[in-house]
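Number of protein chains: 2
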Amino acid sequence: MGFGTVGGGVARVLVQNSARIARELGEPVGVSHILVRRDMGGEYAARMTQDFSVIENDPATTLVVETIGGCGAAYEYTKRALAAGKHVVTANKELVAEHGEELLALAAQKGVRYLFEASVGGGIPILRPLRACLSADEISEVYGILNGTTNYILTRMFSQGATFASALKEAQELGYAEADPTADVEGIDAGRKISILSALAFGEQVRPADVSMQGITRIDAADVAICRAMGWRIKLLGRSVRLADGALCAYCAPHVVSLCNGISTVDDVYNAITVCGAATGDVMFYGRGAGALPTASAVVSDVVEALRGEKPRASEKWSAASRTCGAEELRSRWYLRAEDASATRTLFADAEIWECETGVAAVTQPMTERALLQHLADTPLAARLRVL
Amino acid sequence: MGFGTVGGGVARVLVQNSARIARELGEPVGVSHILVRRDMGGEYAARMTQDFSVIENDPATTLVVETIGGCGAAYEYTKRALAAGKHVVTANKELVAEHGEELLALAAQKGVRYLFEASVGGGIPILRPLRACLSADEISEVYGILNGTTNYILTRMFSQGATFASALKEAQELGYAEADPTADVEGIDAGRKISILSALAFGEQVRPADVSMQGITRIDAADVAICRAMGWRIKLLGRSVRLADGALCAYCAPHVVSLCNGISTVDDVYNAITVCGAATGDVMFYGRGAGALPTASAVVSDVVEALRGEKPRASEKWSAASRTCGAEELRSRWYLRAEDASATRTLFADAEIWECETGVAAVTQPMTERALLQHLADTPLAARLRVL
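For the protein sequence lines, the chains are A and B, in the order given.
Using this note's numbering, the first residue of the first sequence is number 1, and each one after it goes up by one.
Using this note's numbering, the first residue of the second sequence is number 1001, and each one after it goes up by one.
These aren't lab readings, by the way, just hints derived from the structure by calculation.
Every value quoted in this text rests on a predicted model; they were computed, and no experiment measured them.
Think of the CB as a built atom: it goes at the ideal place given N, C-alpha and C, for glycine as much as any other residue.
Hints may be right or wrong, so weigh each one.
Unchecked claim - Listed next, with one range per pair, are the computed distances between beta-carbon atoms:
1. B:Gly1030 <-> A:Ser319: 25 to 31 Å
2. B:Ala1278 <-> A:Cys71: 31 to 37 Å
3. B:Gln1172 <-> A:Ser322: 44 to 50 Å
4. B:Ala1278 <-> A:Val54: 31 to 37 Å
5. A:Glu329 <-> B:Val1387: 47 to 53 Å
I would like the entire structure built from these sequences, with the hints used as guidance.
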């Protein structure tokens, strides 16, 4: 369903690797129907249809790949396909983030799979390792660079001293950013992905509405220059943390990251995800987060898994988190920049403080955002960023 | 079987995560017997036995974890356990590398699993993603930092300017290197691991005897200084490449790696593995490559997979590679250091050449090792390293 960049890539990967896939499954896999809005011609023209009920009512079609996107037709057709006893595989992070719990429950009820490896991290295998490989470990935190567009922009700001506006323009010219870049630059895309990762890592979802989403539009070139001089980077991270009281805190925000953390070196359109387990320690997964072929490859790996007839894992079901907590309750150190040097030195006597062109910059001791804001009272800041 | 660091860790991880594991499997998992060479006392004393036939003949024991190591008793007991219809899970890379093909075939014949996620990369999930997540992609190459001890030594040589001997001594004092460090520093441990990775990535094993293994004992502080100044690192990599003619080339050797490659920033005892797929591009997996708890966690994730009753994947079986080729046939650029500047400039007119304290260093155009050695004829070199 859908024959755009990802849908077309799925057809290509299926054809290119048909021998390998047939060997794995013991039988060949083919494309029976392609749902499109209007006829597109090309080599698959004979299989195209504009009528979903053709797919819904074809008993020989046992699996549907949804690459329509969004929560409209995709939502309706996914429900109907699952209800008709067909597996559904998707790259649609918006739908999974908004309705994953319901769709997984429906799939379980019908004895089929709803799989979405490609919805997070493109071609990086992350959801399946979270489910299967780290199943023996208690996970305390998961975070990552989940959006390639914003990572490209931040990389250009650091490497070229570009402003946000000019780096965005360059990303648009290269096709890395869409004409309307809102979902990327405002942290909405990364926020949806951390909602999904959180559900897989903890079995409890922080719904997108409870994920505070902050983007990179207000990152100032002055802070880029200061961080670069200090040997730091600014990265937009989606992050979900299990707090000591059991509540889950999931959010998306730009962070100051030290070069000691390997994730700081993840540049351009690459993505990386770090999972912190009690036994395994930190494990990082790194690769191309988007693109037709990586994403299609992840979709096809889900197709193989579903058709192999594996039982779903317990961790595949999720429920809404019983307790969530806002990012303002999460302790961390804070990077601050202020014009009023003496007020800053007085307020943050125990912080590292150094002079910069426009006043002072500081890194505080760990405290919650709430405590920080109370402590600041009315002192104006030029910049405030969480330190990872 | 075996109750050393890893075996004890497995018991701990099983107990600590028993609720999570029972939820996943729908029934609790317990430790019925522990095979030891002599009685060790402690909380598990009542379950210890020195007689393998007790385990072999207990129908209630459906899975055996082998952490004995080596190819002696471990080999015999693994065969007998599989023959008795029990799953076997291991962290024993030597046994998997030497006898994996036979043991996997025996497991398939008996309808049980032989799993060894912990044998490569400690707690990093790598074998299962290779089997499952990248199943839809054609893999062209896999390489990695597979040995934490040598990576620690190389990191100290770069960060402290330490010699190999003093860095090794420090690693031994910290418990990162064994009293007899041969298997680590001569590249044997990493060579066994690339033999296993190669089998999983390509379905064809390059047997350890066909993996050329070179270690780091001859890395000179002079080359460390030059590479550091050029913004490079030296990393011991295990690497397996599918050549254009279909042959597999697997070897272990120190490489000069540019800082542009994320694997150059993997320091200390960390491991990282990069898989290059036609569709997915490069995907890197990073984490702690050793240690009781990460390794035990990987073992327990295999225990869960085996007890879930999943069918083995086609890629889980492997055969010996039909065609292998020695590393001397693999083209790459070469880092050279020579005392005779003028001879080097004459021989490598198209290389990048620069002066160093003891003569010149150069990076050649891509060529095979065989071609390089022919070209050099009798010109003496102070150092020669492959460039990744």
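Results for each hint:
A hinted range of 25 to 31 Å for the beta carbons of B:Gly1030 and A:Ser319 is consistent with their spacing of about 28 Å. With their beta carbons about 33 Å apart, B:Ala1278 and A:Cys71 fall inside the hinted range of 31 to 37 Å. Range check, B:Gln1172 to A:Ser322: about 49 Å between beta-carbon atoms, so the 44 to 50 Å window is met. Taken as a hint, the range 31 to 37 Å holds for the pair B:Ala1278 and A:Val54, whose Cβ atoms sit roughly 32 Å apart.
For A:Glu329 and B:Val1387, the hinted distance range of 47 to 53 Å is satisfied, since their beta carbons lie about 49 Å from each other.
Checked against the numbered hints listed earlier, the structure breaks none of them; every hint is satisfied.
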